[in-house]
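All chains should be modelled from the sequences, with the hints used to inform the complete structure.
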Amino acid sequence: MTAELHAITTTVNGTRHSRRVESRLLLSDFLRHELGLTGTRVGCEHGVCGACTILYDGEPVRSCLMFAAQAHGHELTTVEGLAPERGRLHPLQEAFRTAHGLQCGYCTPGILLTMKAFLAETPSPSEGEVREALSGNLCRCTGYQHIVNAVLLAAARLRGESSA
Amino acid sequence: MTTRYFGERVQRNEDERLLTGRALFVDDVELPGMLHAAFLRSPHAHARIRAIDVSAALRRDGVVAVYTAADLGDYWRPGPLLVPPPPIAGSVFNERTQVPLAKGKVRHAGEPVALVIADSRYVAEDALPEIVVDYEPLPAVVDLERALVPGAPCVHDDLGTNVAARVRQTKGNYAEAAKRADLVIKRRFLYDRGASMPIETRGVVAQWDGKADKLTVWDTTQAPVVIRDGLAAMLGLSERQVRVIAPFIGGGFGPKIMMFYPEEVLVPWAAIRLDRPVKWIEDRAEHFLATTHERGQIHDAEMALTKDGRILGIRDVFLHDTGAYDPYGLTVPINSQCTLLGVYVVPHYDSTFTAVFTTKPIVTPYRGAGRQHGVFVMERLLDLAARALGFDANEIRRRNFIPPEAFPYDNEIIYQDFAPLEYDSGNYAPILEKALELVGYDRFVRDEQPRLRAEGRHVGIGVVCYVEGTGIGPYEGAKVQVQASGKVSVVTGIGTQGQGHYTAFAQIVADQVGVDVRDVEVVTGDTDQFYWGAGTFASRGAVVAGNAVNDAAKLVRQKILRTAAAHFECAEEDLVIGNGAVAVAGVPSRAVKLGVLAAEANPTRGAVAPGTEPGLEATSYFGPPRGATASGAHAMIVEVDPETFVIAIRKYAVVHDCGTVVNPLLLDGQIHGGVAQGIGNAFYEQLVFDADGQLLNASLADYLLPTALDVPRMDLAHTVTPSPLNPLGIKGAGEAGAIPAGPLFAQALENALDLPAKGIELLEIPLSPNRLWELVKGGGP
Amino acid sequence: MKPAPFRYVAADSLASALALKAEHGDDARFLAGGQSLIPAMNFRLAQPAVVVDINPLGELDFVRAAGAGGLRIGALTRNRTLERDALVAQRQPLVREAVPHVAHPQIRNRGTLGGNLAHADPASELPALMLALDARLHAKSARGERWIEAREFFRGVFTTALRADELLAEVELPEPRPRTGTCFMEVARRRGDYAMMGVAAVVALGADDRCTHARLAYCNAGETPVSAATAAQALVGSRIGEGQIHDVAAVAQREIDPLGNVHASKAFQRHLAGVLTRRALQTALDRAMAGR
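Residue numbers (our numbering), protein chains in the order written: chain A, 1 to 164; chain B, 1001 to 1781; chain C, 2001 to 2292.
Keep in mind the hints are simulated off the structure, nothing from the lab.
Among the clues, some could well be false.
What the hints assert, rightly or not - Some chain A residues near chain B, calculated using beta-carbon distances under 8 Å:
#, residue
1, Asn13
2, His33
3, Gln103
4, Thr142
It should be emphasised that the depicted structure is a prediction, and the values quoted were computed from it without experimental measurement.
We treat Cβ as the ideally placed atom computed from N, Cα and C, and that holds for glycine.
What follows is the structure, given as structure tokens:
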């Protein structure tokens, strides 16, 4: 079958992109290899590890379980869109650095985006709620403890608790 | 006053790049004209290849090339033996290393048979089913004991046996010791296969630059220098023509140092042959079969004791599943053999292992690298002995600890690094006591457990001890250089996979040359930046490379002082280094920035004096005489649902001694991560093969990595017994967390379910709800 | 792990989606959440020629009251909506209780009720709920439409009563009887995994506290979601006590036919079914007695 191309327009991190994509192109591959936004990592391509999590119209989704064509007319956020500008970090990113919430860093972008949406909905989470919200993102390096600490720290900072 | 960084909880220099998504991983490499590779892999565990027809695949649009073993010509040869067998008298070792593409026969499901190169990975995968392979299936070799029965099908026909190796190491005379014993405990212990499963799979990108006559390879390897040397030799290039870059790596844990994987051999070759960049990224389905595994062993072990609980000796005979090939030599089973001795005085030891070829993926070291099997056997034997003798499980351990005055302690056998298994230093009793305190042992046993039992709850406790041989040679090197900007660079040949080397090494250097830790830029994993090195394995990065970095930094410090003394025309003793500058003591206004000194040390006119060198730069190497032995104890309180056998870990405590600590924050992270993998290993992760050698759970939906809900909050404490084997006193910590989880689970679950009273013993890992139910229902072994 | 080639069509109307399905039949697959379909495509276990993306069809994404206590839920309703929707929580607390066990938040953000049911994975939670709640499923095609009872809908592993040209458009959950108590429980290796065994229990009581209605439905207990009708029927008419719960659980264990897998043997699954039946029935009963 010859590849059938679809013209799509999608907004990623506030920037509009128009491309022609093959039907079967996975959204994760589109972001990484067509748009060059390689911060979205790919770990399993069957929707378990969570490394490729992005925000799709604000909701965390696995970008390996969507086709690029489905991004047409939608707004996406990837890890590249988290920090307000180069040299500055989003409070979640800051907290991950403070609390040593990453080691190899491969699962980190997916976790940051998952947690961004989670904290927006749950600004004062318990440790148990954080762990539950993290359970769809596998990390093989950290044992999660410092990630949990980082998320709790970020939540406190985002709530404006200066003691954090 | 300059901040001191060594020993502090310093935040990581590498984090910003990782947190913003800018860090380069292998799959992020995009090159103009790049082609993509996919491998056709054997669906059979064991089969003869009668014929391969690639013509249909070659006709597909977008397919550039299809290669089989026949196309490789002289380039087809078995991979190198990475670690030769140690010089142990009487050892048998049958070297059979992996091949780039199967020729004549496939020996495990997933073994590569053909390579497709196409315009995209999508198209390359389209072509795979169009390659027609005529297989004659052969009986699989799965079970270790059946593999050794005469007449069993052979993985390597020419050997006439499935014995890959047989090694006996002895200390004293166990048989004599056993005759004097009041008690001999004898059991069979099982430890099944698992996988390291980094979240980043493997990958290789290769680019041949015909104009420069140079090959560049990006590889998810833990040992870029060794890959460079090997590729150069295989491809007939000079080492200077090959640059291997191990950029950011998404977790390694051992299997990313299996050299050479077929893909590492073939992708560079194809890039040269086609004169186009070629990328291969392992997908998760491939990873389950194409990346090496670990863990399958069966131990028949016995421990002889006196009635007062002293170990007289241990005999262990075990089988080790090495998979279809044995490129990593005997490292894993020797680790098992050596680490079994643990923190205890074992006067007599008689250990024999047989490594067995099976038609399963290759076994090479994975975090712990066989150590946990030994620890499992020893700790379980002690638990059983304590029970038989009526001792408290902690008391029997106390009675057998190697006393602090006995160090260095010679175990009289040979370790994986070919050096005698001699522990450099240690102090074990305080570790155990601290672990008991941290987990609240006395209070739990006295108050909580009886109360919970009365409520009908099944909550148990476990405490186990272990050693970890770390930081072995041969060596690592580092180059430290002050730049004209005043920033300092550190270059080393080891690769890094998330351990925090960018920061730990920077801390060491920052203290020596008096700069902010953020002004030290660490470069690792690029063979064009540093020529020499071995790699990141055996918990050796901080120990071996760290000491090389330290030594190089000290040499640079001397150069700084010498240059500054000339600058101020004063004595070196009158100078103080700090805050990125050198000042005359007591006269802060007389200061010169390091960058200025670096420029002065590299003059554009005038002469560099004979016998001196330009620049503020030094290179140093460090090779320890043998490994440093870390140690620790883990304790756990676990609750089990007695009907569903679902567990909940209520408390997890770790006390660890890895000598001097460079960065406690990073160390905690290493321990946490290790424990998480240990928990996975003990209760969640198992590679399940059927009788045909097919892996039944090759997806992350069925191979169960622990999630944030499965790994508990851990309480950590450290004791510090510096290693005398290196100037910084460091011992490695990378694998410690993962090592003792097996026996810990077994002990705590037995306690929770009150299994000893029912005559039931947990002698295997991994456990699971299903397996616990079977054992409990069965009413005993 | 890249999907084989196919033709992607984003549906611009229900009619056009149904026309495409009518044209291509089994060669075409509807793409709803894609959380089961796309992994299967990435493994190349599924290789549809045509993928009809129904995500643009907002008219299939709704939760509505049906009468005084019933619910009508559009097929494109995300699991995340079921988890958060106040009406669902109020009228069908069983759904609210079960949905958080379906995979993880990211998956629930995409995964849909209709997609899950049409996929008909016997290990999945929602099909068992449909049995427990006596749901009716609304199928539409270019030829017309029909309602299918949940107990008729699931025919085998990944197999439903839907015809090759039909789309599952909507699910109706009838109003629970007065004094109904429900409970969903499962045992999975990890949170979010397919359960080794899961049970949905529904118990309704009369004014005299006698059971007027009961349902027991299981996930991962056979080639389809399995209803233990004999066991449940045994409860009706009696004042349920501990001994009877025990007996009914034993009957239910024999009514199911679990397949066994790498995490749980058939025997262990059966054992778990007994344990979970006792616990879930007791909880459902307690809730019914407590008025919810």
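Results of checking the hints against the structure:
no.: 1; hint: Asn13; in the structure: 10 Å, violated
no.: 2; hint: His33; in the structure: 7 Å, holds
no.: 3; hint: Gln103; in the structure: 4 Å, holds
no.: 4; hint: Thr142; in the structure: 5 Å, holds
Figure legend: structure checked against the earlier numbered hints; the only hint not met is number 1.
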